[in-house]
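Generate the whole structure from the sequences, applying the supplied hints.
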Amino acid sequence: MTSTERPTAYHQRLPYGERVSAEPVLGGPFFAFDGDLRVVPLAEPVIPEPPRSGEPGGAPCPTCTEPESAAIWADDRWILKAGFEPTGLPMVALLVPREHFRLDNLPAELTAELGPMIQRVAGAIRRIDGVARTHFSRFGDGSEHFHVWFFARPAGLMQLRGPLLSLWGDLLPHVPVEEFRTNTRTVATALTEHSGTPVGIAAG
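The opening position of the sequence shown corresponds to residue 197 in this note's numbering, with each subsequent residue numbered one higher.
Just so you know, these hints were derived from the structure itself, not from any lab.
All the pointers check out, no bait thrown in.
Between beta-carbon pairs, the in silico distance windows are:
1. Q208 - E305: 41 to 49 Å
2. D366 - G326: 16 to 24 Å
3. P220 - A318: 26 to 34 Å
4. G231 - G319: 35 to 43 Å
5. G326 - D230: 22 to 30 Å
C-beta atoms are modelled at their ideal positions from N, C-alpha and C, and glycine is treated no differently.
Dropping the structure here:
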């Protein structure tokens, strides 16, 4: 892509093909690395962007093709997926509506429920022994089906605070499988106090 094809002034001023300095984040209190680091060269923008899963021309939507795959709790409107492989965090979960919606066309009734659902899931994850906080975020670059991620931050591990918590989940020793299953049951059981039922590995 030539400079004249880059769509905005923002795109046109970026240093494509160059390695920007890692200095702004080195030594930060929540940065997971030290020593010599090289940032990968910045790639040219891909315009138009490739379709996400669930978009026309993209792969099938995984939530629509297998609604309760990796799910640990579900009710009539929402599904919580956390039955993935264990990571280095006590819990990594994904909240999705049962029906296929994007953020911009999420119906008003589901939008109104989203805040309380975030509170419920965050509180349920804090029921896991040794969890101090629940972080949550929305990326939306892999699948069109609306989803919110949740990450459990272990108590006392102050270094794990902030935006690199999900990365620490890849770096730390993975939670043993039985502990992972116990954690999913804890979360699913807490959610059923209001609605829904445990499913998948949390139902056993």
